[in-house]
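Here the protein sequences line up with chains A, B and C, keeping their order.
Reminder that position 51 of the first sequence reads as 51 in the numbering used here, one-by-one numbering, no gaps.
Reminder that position 192 of the second sequence reads as 192 in the numbering used here, one-by-one numbering, no gaps.
Reminder that position 206 of the third sequence reads as 206 in the numbering used here, one-by-one numbering, no gaps.
The hints are simulated quantities; they were obtained by calculation from the structure and are not laboratory data.
Check the hints yourself; a few may be wrong.
What the hints assert, rightly or not - Subject to a maximum C-alpha distance of 35 angstroms in a straight line, what follows is the list of computed DSBU-like cross-link-like pairs (lysine-lysine): (1) K379/A with K50/B; (2) K43/A with K168/A; (3) K30/C with K172/B; (4) K82/C with K363/A; (5) K87/A with K575/C; (6) K444/C with K87/A; (7) K211/C with K87/A; (8) K118/A with K50/B; (9) K211/C with K172/B; (10) K372/A with K82/C; (11) K49/C with K520/C; (12) K172/B with K49/C.
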Amino acid sequence: MNTKSRRRWLGGASAALGLLVLAGCAKDAPQDTWQPAGANAEKIDNLQQPVFLVAGIVGVIVFLAVGWAVFRYRDRGQGIPEQTHGKPALEITLTVIPVLILIGVAIPTASTIFDLAKTDDTEMIVNVTGQQWWWEYDYPANGDNADRYGIAAPIVTSGQLVIPENTKVLLRVTSRDVIHSYWIPKLNGKKDSVPGRVHPLRLEASQPGIYAGQCTEFCGLSHAYMRMETVVLSRPDFDAWVANQLSSYTPPAEGTLAAEGESVFIAQCARCHQVNGLTNSDGSLIVSAPEQYVVSGAAPNLTYLMTRNTFAGASWDLLTPACREDVWNADPSEFGPKYLAGVSEPCLNQKDLREWLRNAPEKKPMYADPTKLQETDGKYRGMPALGLTEDQIDALVAYLLELK
Amino acid sequence: MADTAVAHGADHGAHHTSTGLSNNKLGMWIFLGSECLLFGGLISTYMLYKGRVGEGPQPDQIYDIPFTSVSSFVLLMSSLTMVLAVSAAHRNDDRNTNLWLTVTAILGATFVGGQVYEFTAFYREGLGFTTSLFGSSFYTLTGFHGVHVTVGIIMLMALVGMVRRNRIPGSKAETVEMIGLYWHFVDIVWIVIFTLVYLIPA
Amino acid sequence: MAIIERPSTEVAVPGTPTVVKPSEALGVFKRPAATSSWKDWLVTVDHKKLGIMYGVAAFFFFIVGGLEAVLIRLQLMGPEGKVLSADQYNQMFTMHATTMVFLFVMPMAAAFANYFVPLQIGARDVAFPRINAFGFWCFLFGGIFLNTSWFLGGAADGGWFMYAPNSSTLFSPTHGIDFWVLGLQITGIASLTGSINLIVTILNMRAPGMKLMRMPIFTWMVLVVQFLLLFAIPVITVALFLLSFQRSFDATFFDVAAGADPLLWQHLFWIFGHPEVYILILPSFGIVSEIIPVFSKKPLFGYPIVALSGAAIGFVGWGVWAHHMFASGLGPVSVAVFSLATMAIAVPTGVKIVNWVMTMWGGKLTFATPMLFAIGLVVQFTIGGLSGVTHSVAPSDTQQTDTYYIVAHFHYVLFGGAIFGLFAGFYYWWPKMFRKQLNETLGKWNFWLMVVGMNMTFGPMHILGLQGQPRRMQVWTEARAGEGFFNLGFWNMIASLGSLILSLGILFFIINVVYTHKSKKVAIAPLDPWDARSLEWMTANPPVEHNFDSIPTIDHLDEFFHRKYEQDPNTHEIKQVASAEEVLADMNAHPDEHIHMPSRSYWPILVALALPIICYGLIYNRMLMAVGAAFLLLTMFGWAMEPATAPDDDFDPPASGEDGGHTKELAPLG
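Using the sequences and the accompanying hints, generate a full structural model.
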């Protein structure tokens, strides 16, 4: 081999390695697995950093050995080498070295596995349920949840999980249809949500802020649009959030556009989407029945929609880009109040929300074709197009803005 | 090279092999090794699901242990007659080979008949293929075994026909022995199934 | 049926003293005669022809799977891609993986194994030639059947891992998954029959003196792979049966409402799926373990250790399946056990890399294209292996699994490893199979474009994954891509451009093949172009139908080398004492007198043809299924009743008449 191609060889090898090093170059990727922001993710990080380092060193040694062999032993007219079949001592040495390295890796790995599986010092519990293609969070109103965090009645929300900072939160993860996986990279590794099983996953965050995540088990058509966030609030802010979630429903003032929207909502949306406290004209409570219309039997509870800032499986923002920037990139000390302010009319991302209301399955791929319902036991998977008029959409948007 | 003589279709089986076992027999052993994993997978599925009956009947409500014991005994006896057939074939005793092969096939058919009866009885008692996880995995496991026995019976009958008309290619004793291997394997699998499925309660 | 593969030459009819010729002893139809027309390929049972057929068909599927991959990369080139719809994208990545695993790498390894294992052990054919042909047709028909789903309402869309319950009719109502399940059952038959055939061939049909520890290392790796297939295929067969019983007959195996546990599928799938990974990579390990010694002019360093570490990988490979399930909710004890077992398997794998490097160490290295691909494998596989070690660390894997980091890992292993090994094999064995050497200049273009393309495509995926991009997503969004120049959008773009360069590299291979065989300027290759070491090179280029005029007796590992070279006892210098031509002429000086080769047969292709008919019937029309089943029974009967040989006067060229009329001259295949 000539010098030029030899250099290309070494160049190729070091470039491949360099790529790994360059990984640090993307700044602030929201799902970066190397920027832990809580105890669990830090335990993983403390383990993976040295393992990557050792792997990198071993790699460099192998590349240098290959490179040297290619360079030093190229055919320069030397005689036919001795036909040796091996050197047992050398082979044993070269087998024992990796064994020792791996034992060095194995011990901390095993201890971290058991460490991360600990649940006995849990301070708060949230039931997390995946379904095509969004996440539901249900805060049970008992035990520590009620005693220490004032969750006097169950809170049901979706898309954004809200937890207090520096709290050991146990997620009980399950699913209503196919397998999904809950993953907030900066807070912990992922855990599959499997129908018929409940899996524990612990989250703990050391700073207020929004932590992005994504469903990581392939779950069908809109797998790419099944995103989620975990919102971390300081303890006082979390208490305020709980208080707001438990506050009762106030109907929009009569005669307003929002009141018109409420009747559109009751006619078109309430059959699947629950708004707690919403009543019929005769004063009877409206209870949604998504089990009649969708395969998973659930649809997001919209009672406090505008306290969240994403919708439709956390796939689109409820905030305009500028307002979003203001909340998402807020300093941790200022984050809480900004998040709790919810979505106001000037900040509302009208474009995506209206497109969604106009024709949801066009925006996010879903099995919502009324002509194909016989394939899925007469039920939708996802939200169908409702055929709303532009006036109805105007009214509905005005109403939704009140839900906070 | 041009003067090399080549014949097509002629026998390699009688030639020396590296292990001393004939290709056919070695092939059968290896195939049965693979079959172990097939039944292993099916049995695991059954063991996982045997308690999951939903609305349908429980295993101990429908199993008729005395009946199945008898049909299991019949199948076990067929292994004995198979051994007799193999030993007759080794003695080059065509008459007895055929006799014992036929008896083996009849015993096998009796077992399959018993299984058909059992399936219909279970079905009448409310255990369909789709009734519960127990139903699906029970019928799949025992059904796969029944198909194996049936294939064995077909091979035995074909063998009887070929022995009679002296159409067995290669060594007769070895062919009988090979089908014997398969037959014994299917029997052993049934012993495992009978123990795990019927005798150990859910 | 396996039982009646090799009928005896003569059959005694009771009651008469006469002896019946094999061509008349049995059967309803005559066996087909040898011809030189294309029809011969349909009825052939020659392991070399079947090897070539496996290779051609597998390469066709490689192009199909490659185009699917390019479409995937075009879709992901920028944010919110519009090239494919979500539905099309899901089908695309499902079929890309399925095609590459089941229809390219496995059958391509089968192509090499079929062609070279009998040659490497000094046999004239495989143990069961008709079953060998049957296996090929099952693979081909299964692959075609699987791909017809594209035109019949859409291909499978559940991912190649096809996790339940997403694979049930409720969540995937088209017939795509039905095609997938049944297609894999058909190709599974090919793998299972192939494995039995090759195991028996290797264990039973070695030339005199060819002890196990004198077998060429490629044959060793093939043996390990066949044992893996033998035990892995029935497990996936069970899983596929459960799934198709559920989809076609409403069984409840994965119906959560009935109490099913979706993890059952995962366990069954990965008990098959992890050995499958070694099924894909070990043949290539075997190929480069042949090539590196040849181009280093040294024996393989630590041959017994390489052979036994292959076997060790084969064993330990059964105990690591749940490392695909670290996030699926197993308890910490299982996770810890499988995590440590996975680390353990790194040791025999590492041993191989060490041995390849030590083989080159102190050698006399030349860098023809096969050697370049082999070194490419060593380097790229090392990267893939080391990233593998990083996710044997289970807690770290819960961050990495189902991200592009995993995609990067297994493409370094399977593309940078397995496929580079196969390309090394193409270049190395091409003159043996086709008498001409592939062009070296085009070969180097081929190699370097593939190296650059491969590392550009899959290298950045390490970054994408570690920075949180999940796999199997139809679109990615800028909102999650991070900031700065090197954000995830940049790396997605690089990966997509890399895939185009990679495709260009593969195009160069095709150009090379066409050029080599169409251009009049390319001369016939020398008999032993690489100064090779193992037995397959002790034959003509290409080998005659019966491989060896006389079966050699083996005294050494690297027998061919030892016949060409000798060590001077005084000076310890190694000197060539014979050319390849001389070795071959010496061996052929006393040809075996009676060489028996199996006759061609109509039945393998016909029996295999019945299987897709049954499967179409199962999906569309139970009557068609009955027709297919009847066809299957008839053809199996025909197979069993087939005469032992073709009629005497049907040979091409016609009989020369010596030795009772049934030993014939045969023109060498050209």
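Quick rundown of the hints versus the structure:
no.: 1; hint: K379/A with K50/B; verdict: 31 angstroms, holds
no.: 2; hint: K43/A with K168/A; verdict: 14 angstroms, holds
no.: 3; hint: K30/C with K172/B; verdict: 23 angstroms, holds
no.: 4; hint: K82/C with K363/A; verdict: 12 angstroms, holds
no.: 5; hint: K87/A with K575/C; verdict: 23 angstroms, holds
no.: 6; hint: K444/C with K87/A; verdict: 34 angstroms, holds
no.: 7; hint: K211/C with K87/A; verdict: 22 angstroms, holds
no.: 8; hint: K118/A with K50/B; verdict: 32 angstroms, holds
no.: 9; hint: K211/C with K172/B; verdict: 30 angstroms, holds
no.: 10; hint: K372/A with K82/C; verdict: 24 angstroms, holds
no.: 11; hint: K49/C with K520/C; verdict: 24 angstroms, holds
no.: 12; hint: K172/B with K49/C; verdict: 32 angstroms, holds
Figure legend: structure checked against the earlier numbered hints; every hint is met.
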